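Novice: Using the sequences provided together with the hints, build the complete structure.
For any residue, its number in the numbering used here is found by taking its place in the sequence shown, counting from 1, and adding 5.
No lab work stands behind these hints: they were computed from the structure. Please note: incorrect hints may appear among the correct ones.
List of simulated lysine to any residue pairs, SDA-like, C-alpha gap at most 25 Å [claimed, not checked]:
(1) Lys346 x Lys432
(2) Lys219 x Gly121
(3) Lys432 x Arg472
Given the structure is predicted, the values throughout are model-derived calculations rather than measurements.
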Amino acid sequence: MLARFLRSPASRQRLAPLITKRWFVDQAPNAHHESIFDKDNAPIEIDHDKTGSSSPWAVFDGWGVTNLQPPQHDLSLLEPESVLIPFDEKVELPSETEILSAFDKLLMSRSSHHFGYPYNLNYNHEELFPFMKYSINNLGDPFVTSNYGVHSRMFELAVIDFFARLWKIPKGDYWGYVTTCGTEGNLHGMLLARQCQPDGILYYSKESHYSIPKAANFYRMKECAISTLPTGEIDYDELSMALGKNLNYPAIINVNIGTTVKGAVDNLDRILRIISNHRIPRERFHIHCDGALFALMLPFVQFAPELSFEKPIDSIAVSGHKMLGCPMPCGIALTRLQHVKKVEKHIAYLNSVDTTIMGSRNGQAALYMWYSLRKKGVPGIKAEVQHCLETAQYLTNKLNAANITCRLNDLSCTVVMERPTDEAFVKRWQLACDNDIAHVVVMPNVTEQKIDVFVDEFVQVIAKHGRITPRSDHSPLSMMRRQKW
Numbered sequence: 006m007l008a009r010f011l012r013s014p015a016s017r018q019r020l021a022p023l024i025t026k027r028w029f030v031d032q033a034p035n036a037h038h039e040s041i042f043d044k045d046n047a048p049i050e051i052d053h054d055k056t057g058s059s060s061p062w063a064v065f066d067g068w069g070v071t072n073l074q075p076p077q078h079d080l081s082l083l084e085p086e087s088v089l090i091p092f093d094e095k096v097e098l099p100s101e102t103e104i105l106s107a108f109d110k111l112l113m114s115r116s117s118h119h120f121g122y123p124y125n126l127n128y129n130h131e132e133l134f135p136f137m138k139y140s141i142n143n144l145g146d147p148f149v150t151s152n153y154g155v156h157s158r159m160f161e162l163a164v165i166d167f168f169a170r171l172w173k174i175p176k177g178d179y180w181g182y183v184t185t186c187g188t189e190g191n192l193h194g195m196l197l198a199r200q201c202q203p204d205g206i207l208y209y210s211k212e213s214h215y216s217i218p219k220a221a222n223f224y225r226m227k228e229c230a231i232s233t234l235p236t237g238e239i240d241y242d243e244l245s246m247a248l249g250k251n252l253n254y255p256a257i258i259n260v261n262i263g264t265t266v267k268g269a270v271d272n273l274d275r276i277l278r279i280i281s282n283h284r285i286p287r288e289r290f291h292i293h294c295d296g297a298l299f300a301l302m303l304p305f306v307q308f309a310p311e312l313s314f315e316k317p318i319d320s321i322a323v324s325g326h327k328m329l330g331c332p333m334p335c336g337i338a339l340t341r342l343q344h345v346k347k348v349e350k351h352i353a354y355l356n357s358v359d360t361t362i363m364g365s366r367n368g369q370a371a372l373y374m375w376y377s378l379r380k381k382g383v384p385g386i387k388a389e390v391q392h393c394l395e396t397a398q399y400l401t402n403k404l405n406a407a408n409i410t411c412r413l414n415d416l417s418c419t420v421v422m423e424r425p426t427d428e429a430f431v432k433r434w435q436l437a438c439d440n441d442i443a444h445v446v447v448m449p450n451v452t453e454q455k456i457d458v459f460v461d462e463f464v465q466v467i468a469k470h471g472r473i474t475p476r477s478d479h480s481p482l483s484m485m486r487r488q489k490w
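Specialist: What follows is the structure, encoded as structure tokens:
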């Protein structure tokens with residue numbers, strides 16, 4: 006029903022004023038963005054008429070902005086006793102159609118109040134629905150075809166090639182694959198680091214994603230957690246001191262291209278200068294960049310520091326379902342070809358080689374990522390990045406005007422704020438909370454109109470429930486109130 010509504014010209018005319026136009030303007034890349042690809046590689050073909058199409062849920066966000074009450078749905082149909090898979094065929098249960106209809110309405114409601122987690126809902130993959138009837142499995146290495154013929158390797162390789170050109174690594178020097186999520190990309194990056202530097206010490210900031218210490222635990226790596234600055238960046242002085250004390254061991258460094266809670270970007274160039282000042286030779290250090298959200302955004306931010314394999318880095322992990330937008334978790338792991346040779350092992354059963362974390366791999370994810378990249382194109386991604394940064398500043402300004410404590414890092418679309426005291430409000434807007442702070446990640450489907458509603462409700466929460474008291478003198482909220490970012 007919703008799909009038919011969206012295809013109606015009259016409905017589109019009704020929705021048009023509510024959709025943020027800046028997503029689709031300024032499509033011609035400027036000189037900075039034209040230069041992001043290696044000049045030795047062929048330029049990416051760009052269709053300027055394809056800058057991305059909104060998903061039904063993104064349109065629903067704009068359509069429902071003046072009335073964000075959830076649609077009526079029967080939650081009893083989603084209780085364990087209703088969704089039970091019976092052994093006794095005589096048990097009377099709601100039909101699958103009734104259950105799925107209730108689930109659809111629930112997801113529509115929750116998608117309309119989606120604020121705290123970095124998922125781009127600005128997509129439409131209806132053209133790919135027919136392929137869901139195939140068991141598409143990219144098992145084995147993406148570059149070495151296996152005997153299993155129902156795969157999407159051609160699309161996976163196209164996605165890998167796109168990111169290789171984006172991050173400037175020459176053809177023939179890189180290897181990568183489509184992962185299940187950013188965590189798998191980090192696990193793969195850390196695995197390669199462990200193989201390349203088996204005696205190395207892993208250095209990472211205390212605000213790194215939890216998958217980094219998880220990898221250290223999995224692979225029994227020596228590790229050193231470094232404190233952070235109030236912004237969430239790694240404490241460069243503490244990192245330098247830690248490296249200086251352990252010069253007898255190789256260094257494995259995780260660089261955050263956007264931390265989980267504060268969206269802080271570690272200064273890669275400054276870290277490289279620290280390594281240089283300690284005279285650590287190239288063969289004695291390994292750098293992995295965790296760019297789950299922002300590694301895809303950074304190349305399209307004007308005057309931003311460059312993330313590139315032209316610098317002495319070794320791997321990058323990025324999520325596909327975050328900035329790009331896909332209905333299933335996915336991502337990309339990209340590394341130097343010489344590193345993956347250290348883990349490569351031929352598997353006769355597959356007639357391919359084992360180089361990935363997973364064996365069977367979701368071929369649908371590669372297809373969906375390819376489709377998103379083709380439909381949006383470089384201009385579409387650039388426009389969405391611009392929207393996120395501008396709208397994050399709009400949210401910051403609105404919160405400041407309401408006297409609500411908040412901060413926005415440079416190069417970030419993550420707005421950090423004092424934690425609301427009403428848990429119902431937190432759950433309604435699906436805010437991600439840490440201690441006495443919360444955050445909103447401004448994605449392409451977040452509009453200024455919805456921000457106005459959110460801030461108005463936040464003000465009402467403060468009037469009714471009061472404001473949170475910092476939990477200690479050194480809590481995140483205390484640090485935010487004492488220092489500007």
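Novice: Does each hint hold? Answer for all of them.
Specialist: So, going through the hints one by one against the coordinates:
| no. | hint | result |
| --- | --- | --- |
| 1 | Lys346 x Lys432 | violated, 46 Å |
| 2 | Lys219 x Gly121 | holds, 23 Å |
| 3 | Lys432 x Arg472 | holds, 17 Å |
Checked against the numbered hints given earlier, the structure breaks only hint 1 and satisfies all the rest.
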